[in-house]
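Enquirer: Sequence:
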Amino acid sequence: SCERIAALEDVSVPEISPEVTDKMLNAIVDGMKEERADPIRLSATIALKNSLLFTKKNMETTEERNFIMQSICQATQCKDAKVRAAAYECVVQIAFQYYDKLQDYMMTLF
Numbered sequence: 008s009c010e011r012i013a014a015l016e017d018v019s020v021p022e023i024s025p026e027v028t029d030k031m032l033n034a035i036v037d038g039m040k041e042e043r044a045d046p047i048r049l050s051a052t053i054a055l056k057n058s059l060l061f062t063k064k065n066m067e068t069t070e071e072r073n074f075i076m077q078s079i080c081q082a083t084q085c086k087d088a089k090v091r092a093a094a095y096e097c098v099v100q101i102a103f104q105y106y107d108k109l110q111d112y113m114m115t116l117f
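Numbering of the sequence shown is given in the working numbering, commencing with residue 8 and proceeding in unit increments.
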C-alpha cells in the first residue's frame with residue numbers, strides 16, 4: 008500500500024565503514040565479470056543494485072564510479088536477459104540516487 012511505501016522513507020540506512028563497502032564492491036564487481044557464469048553474474052548484479060545505498064563515497068570518486076559503471080554497462084550486454092534486466096535495474100537505482108553522476112554515461116548506456 009502507499010502507506011507502507013511512504014514509511015520506507017523513514018527507514019535509515021545503516022552505517023557501513025568505507026573499508027567494508029570497498030571489499031563488498033570488489034567482490035560484487037568480480038562476480039559481474041564477463042567470464043563468470045550467468046547465474047553468478049545475475050546474483051552479483053542484483054547484489055550491486057541492493058548495495059548502492061551504501062556506495063555514496065564510491066560514487067563520488069570518479070575512478071571508482073567509472074569502475075562500477077563499466078561493470079554495469081558490460082552486464083547490459085550479457086546474452087542472458089535476466090542479467091541484462093538486473094543491470095538496467097542498477098541503472099535505474101543509480102539514476103534515483105546519483106542522478107547528477109549519470110550524465111557522463113548516457114551515451115554508453117543508450
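In case anyone wonders, no lab produced these hints; they're calculated from the structure. Any given hint could be a false lead.
[Claimed, not checked] FRET-style restraints, in silico, Cβ to Cβ:
1) 74 / 106: 11 to 21 Å
2) 81 / 29: 15 to 25 Å
3) 68 / 34: 25 to 35 Å
4) 64 / 99: 34 to 44 Å
5) 87 / 26: 27 to 37 Å
6) 42 / 115: 13 to 23 Å
7) 107 / 86: 29 to 39 Å
[Stated by the list, open to error] Result set (BS3-like, lysine-lysine): computed pairs, CA atoms no more than 30 Å apart in a straight line:
8) 64 / 108
9) 64 / 30
10) 40 / 63
11) 40 / 56
12) 40 / 30
13) 108 / 40
14) 63 / 30
15) 63 / 89
For each residue, glycine too, the CB sits at the ideal point set by N, CA and C.
Enquirer: Mind listing which of the numbered hints don't hold for this structure, in increasing order?
Expert: Numbers 3, 4 - these are the hints that the structure violates, sorted from lowest upward.
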